[in-house]
Amino acid sequence: MIKKTTEDYLRAIYHIQEENPGKKGVSSIGISDYLKISKSSVSEMLRKLMKKGLIQHTAYGKIRLTAKGKKESITLTQKHRIIEIFLSETLNLNQKLIHEEAHKLEHAFSNESIIKIKSLLKNPKFCPHGKPVPKLTK
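Anchor point for the sequence shown: position 43 equals 43 in the working numbering, and the numbering is continuous, going up by one each time.
By construction, these hints were calculated from the structure, which means they are not laboratory data. Warning: the hint list may mix true and false statements.
To be verified - With a straight-line cut-off of 27 Å between C-alpha atoms, the simulated DSS-like cross-links for lysine-lysine are: (1) 118 to 96; (2) 52 to 62; (3) 131 to 70; (4) 24 to 135; (5) 135 to 125; (6) 24 to 70; (7) 36 to 52; (8) 96 to 48; (9) 39 to 104; (10) 96 to 52.
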């Protein structure tokens, strides 16, 4: 099982890349801004992610997800977006709270639970923010 912090970084890299599809990788500054943490904390975590084989990164270069990192980030993103849909459509939660609540819950739900919630929601294609729901990887 991957730690919450690792999950946050992987999802941040995936999201930044998703928002900038023409760019080949993301910057550590982009991650720092996205997660609202210091650049030194990002640098330290990037070293850990490289050791785990989740990213590729050279000094002062762009950060790219490895196949393993991409698989994990897609799984996390799908969890997050399915939970957002559930909170919005089933619980009618205030739109301002959906993202933060989903962020808290994405770390707790198993893949099996997400698959069942997704089925309950009739396999939605987009989250409440209009982003596509990626397919869950095994």
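Hints, one by one, checked against the model:
1. 118 to 96: holds (22 Å)
2. 52 to 62: holds (18 Å)
3. 131 to 70: holds (17 Å)
4. 24 to 135: holds (22 Å)
5. 135 to 125: holds (9 Å)
6. 24 to 70: Status holds; Cα separation ~14 Å.
7. 36 to 52: holds (23 Å)
8. 96 to 48: violated (33 Å)
9. 39 to 104: holds (23 Å)
10. 96 to 52: violated (35 Å)
Hint check: violations occur at hints 8 and 10; the rest are consistent with the structure.
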